[in-house]
Amino acid sequence: MNEVFLVEAKRTPFGNFGGTLKDVPAVELGGMVIQSLFNNVPVEREEIDFVIMGICLPGSGLGPGRQAVIAAGLPVYVNGLTVDRACCSAMTAVGIAFEKIRYGRADIIVAGGMENMSQTPYMIPQLRWGQRIGDFTVEDELVIRNPYLRAPMAQYAGEVALEWGVDRTEQDEWGIRSHLTWVEADAQDKFADELIKVEVKGVKGKTVTFERDEHPRP
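Take 723 as the starting number for the sequence shown in our numbering and just add one per residue.
None of these hints come from the bench; they were simulated from the model.
Misleading hints may appear alongside valid ones.
Under the rule of at most 20 angstroms between Cα atoms (straight-line distance), these lysine to any residue pairs were calculated in the SDA-like manner [stated by the list, open to error]:
#, residue 1, residue 2
1, K822, L728
2, K732, D908
3, K926, K732
Turn these sequences into a full structure, and let the hints steer you where they fit.
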């Protein structure tokens with residue numbers, strides 16, 4: 723079995739919902755990050771065997787992993803693979819990449835995830851064949867429902883936590899602690915090495931450089 727090495731890791735800054743990145747498709751964000759990987763590692767674009775990208779929400783069209791290959795300017799013969807395993811999509815993509823290299827099925831792989839929740843569409847399942855009477859139901863795919871219980875996954879996760887003895891107070895305390903740790907790290911520029919700059923068209927076509935996470939709140 724082959725040894726596997728992680729040689730570079732990059733990401734865009736996190737944008738707020740409806741924030742600076744709301745008009746930038748997920749595949750373009752993914753393409754930007756993939757392009758940036760070649761700035762500091764001695765690997766040529768032609769050497770990439772696979773791009774494996776995790777994505778959960780709809781709205782990016784067919785084959786987002788393949789689209790990311792094209793958006794990154796990689797050769798057209800580079801394989802693009804899309805992974806949807808809900809919240810674990812990107813992590814699973816990295817796991818698949820590890821296995822491919824470990825067992826000799828590839829040499830160099832780009833793996834990660836991409837998402838733009840601000841571009842998640844609404845769905846009307848009944849619309850294709852029409853409805854003679856009654857209301858149409860517009861479904862918000864951003865709710866991320868459990869497909870069996872039809873409950874939002876955020877709600878379901880909270881209920882499962884309660885079943886395992888993790889009460890609401892403990893959940894909130896963990897969330898606050900995690901957020902404050904992030905705020906402290908952000909203030910100390912600890913994410914600087916992993917962030918890339920994103921050029922975004924702003925008001926009246928003016929280009930804005932987006933380079934810091936929008937999420938942290940004191």
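We went through each hint and held it up to the structure:
no.	hint	in the structure
1	K822 - L728	holds, 14 angstroms
2	K732 - D908	holds, 16 angstroms
3	K926 - K732	violated, 30 angstroms
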